[in-house]
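Protein chains in written order, with our numbering: chain A, -16 to 382; chain B, 175 to 338.
Note that these hints are calculated values from the structure, not bench results. C-beta: ideal position from N, C-alpha, C; glycine also. A hint or two may mislead.
[Stated by the list, open to error] Some chain B residues flagged as far from chain A (calculated, every beta-carbon gap over 12 Å): (1) Arg189; (2) Arg239; (3) Val241.
[Stated by the list, open to error] Listed next, with one range per pair, are the computed distances between beta-carbon atoms: (4) B:Glu243 - A:Gln294: 44 to 52 Å; (5) B:Asp231 - A:Thr66: 51 to 59 Å; (6) A:Arg121 - B:Asp231: 43 to 51 Å; (7) B:Thr225 - A:Asp248: 49 to 57 Å; (8) A:Gly264 - B:Arg187: 40 to 48 Å; (9) B:Asp231 - A:Ala357: 53 to 61 Å; (10) A:Pro322 - B:Thr225: 43 to 51 Å; (11) B:Gly185 - A:Gly61: 45 to 53 Å; (12) B:Arg226 - A:Thr66: 20 to 28 Å; (13) B:Ala204 - A:Met194: 19 to 27 Å; (14) B:Arg226 - A:Asp174: 40 to 48 Å; (15) A:Pro123 - B:Arg239: 52 to 60 Å.
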Amino acid sequence: MVVAGKAGDPAYPPCPAPPRPALPVTQAGLRAAQGMAKLGWHWWPGMNAIDAPAFRSLRGIRRASVDWTHWPAAIQRGARLITQARVREITLNSKGMATGAIYVDRDGVERFEAADVVILAANGVGTPRILLMSQSRRFPEGLANSSGLVGKGLMMHPLANVTGWYDDWLGSWWSGPAVEHIRSMEFYGSDTSRDFVRGAKWVLMLSGGPMSALSRLEGGNLSGTTSEPGLTSVGSCWGRHHHERVGECLGHTMEWVVLAEDLPDDKNYVTLDAVKVDSSGLPAPKIVYQTSTNTHRLAAFHTARAREAHQAAGAYKTTTVQGLPSSHLMGTTRMGLDPRRSVVNQDCRAHDVPNLYIVDGGVFVTSAGVGPTATICALARRCVERLADRAWVGRSGGE
Amino acid sequence: VESEESPSRLGPRERATLAALGNVLIPASAVMPSVSEVSMDGNWIDRVLATRPDLEDHLVGILAREVDEDPETTVARLYCEAPQEFHTLALVVSGAYYITATVRQLLGAPPESDRGDVLRCDRGTQSEDFADTYAIEEEDSLLDAVIRRGPQGYRRTSDDGEPL
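Bound-form chain A, shown alone (with noise of 0.2 Å):
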């Protein structure tokens, strides 16, 4: 996975430089930096996993995704990969060992797939969806799961998004994809001044296209179930005054999205639905969530900060919208030497199924405030030549 973006930043650990060299701040991320640089907050270039060098086209994006950094390499070596199949249950042998998976395929025909170790990636949500249907005498609460944490702890990074309107132009919105243009770590830590623990990285993005752009203005919410008042209103985004609208916010808004950190609570969970089955027969995940009263207090505090931001750096208006979903999905198979309060140790082995692992979100013991995927890569990776040395040393003789 490469990694594209600007070695020394002090808001990190001393460490070595991206493999690539950063992405350009572009202009609405100079804009961003000149009204940080006013309040005195911390900035930095973007962090992206982009391979910058061969970044010379938009046509086939190099946004860095497994399905070319990886598999294709992985599959000239032999793996095989099997798409759109769910996994109903892995199996197990007397002695406790994991044996295989059970899995339905693209064409409804249930098969099973030999295993010698089962490694899990299905995130924060489908892992413990599986282990709860892998029930068996030895465990009738699911696999992997004497603790009883599998499911628990589900931590989601509530996003909130804060747009500044500016007069000038920001950017071409077709000129990239959508990247961490800056970034800012100022207030990433706890401070015993405010009313929550914690904090958030704030990431500056462009607001997108024609259609994102729809999405901002009065009217223009196209997901929701329910219209605002107003179609013919100055304010509209439809009718006679739809260029205009849209005029003022594509090329001139730009976001800093706020990402939270979550902190586990065994309230927030994953289970399986008593009731709903997906298109495969198989139980659906059921999911408790609800946002904290610290998450809530912290989205607060950053949003007025990310407002004033934008108001530093010329915006003429700002708008907020907090509690955004995020597909950050952490913490229901959480990781720690204890097997009575955690469900993996710390090469992701689970405690109770010795060959079986888990290179997801779920192993989080907290979330942090920033995006989990380099985390998760760096402990998949740990996890993999952990296994592969114990396999070598097994071939070769010793335990």
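On the provided structure of chain A, position chain B as indicated by the hints.
What follows is chain B alone, placed relative to chain A:
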């Protein structure tokens, strides 16, 4: 750009109705065309429905109704009384409008077939619309202030994970 998507179930009558309703949502301006001027030629609507096949039944149902009223009244009624139907209509119409080559060109976007070299990572070759205003020196100057402040918020941890 011609699409290879298969046509939707919309017939000529439904397309005519869609064009009329679409013109209410996105009429022409001094610069920009209306929906019927750009979206109804070719298969832009079909491309949208191929991407969102879940909308097709809903849209066909909306357009199939015989309603004795002018398009403005229909759109206003849907907006006030049937928001889900309004959302489907507005999403398909605006989605098709903003992917047309004509509208993209009017908004300044490069054609889909020639979008290369817009944003380069070689800082000596910034895109045209950025080169005039972008100043590496200013970025570096702003970053110098951040660096001078030193570590903010980051606390080193010991080997056992406790803050030092």
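Taking the hints in turn, this is what the structure says about them:
| no. | hint | in the structure |
| --- | --- | --- |
| 1 | Arg189 | 20 Å, holds |
| 2 | Arg239 | 19 Å, holds |
| 3 | Val241 | 17 Å, holds |
| 4 | B:Glu243 - A:Gln294: 44 to 52 Å | 46 Å, holds |
| 5 | B:Asp231 - A:Thr66: 51 to 59 Å | 27 Å, violated |
| 6 | A:Arg121 - B:Asp231: 43 to 51 Å | 47 Å, holds |
| 7 | B:Thr225 - A:Asp248: 49 to 57 Å | 38 Å, violated |
| 8 | A:Gly264 - B:Arg187: 40 to 48 Å | 41 Å, holds |
| 9 | B:Asp231 - A:Ala357: 53 to 61 Å | 42 Å, violated |
| 10 | A:Pro322 - B:Thr225: 43 to 51 Å | 47 Å, holds |
| 11 | B:Gly185 - A:Gly61: 45 to 53 Å | 51 Å, holds |
| 12 | B:Arg226 - A:Thr66: 20 to 28 Å | 22 Å, holds |
| 13 | B:Ala204 - A:Met194: 19 to 27 Å | 23 Å, holds |
| 14 | B:Arg226 - A:Asp174: 40 to 48 Å | 45 Å, holds |
| 15 | A:Pro123 - B:Arg239: 52 to 60 Å | 55 Å, holds |
Figure legend: structure checked against the earlier numbered hints; hints not met, in rising order: 5, 7 and 9.
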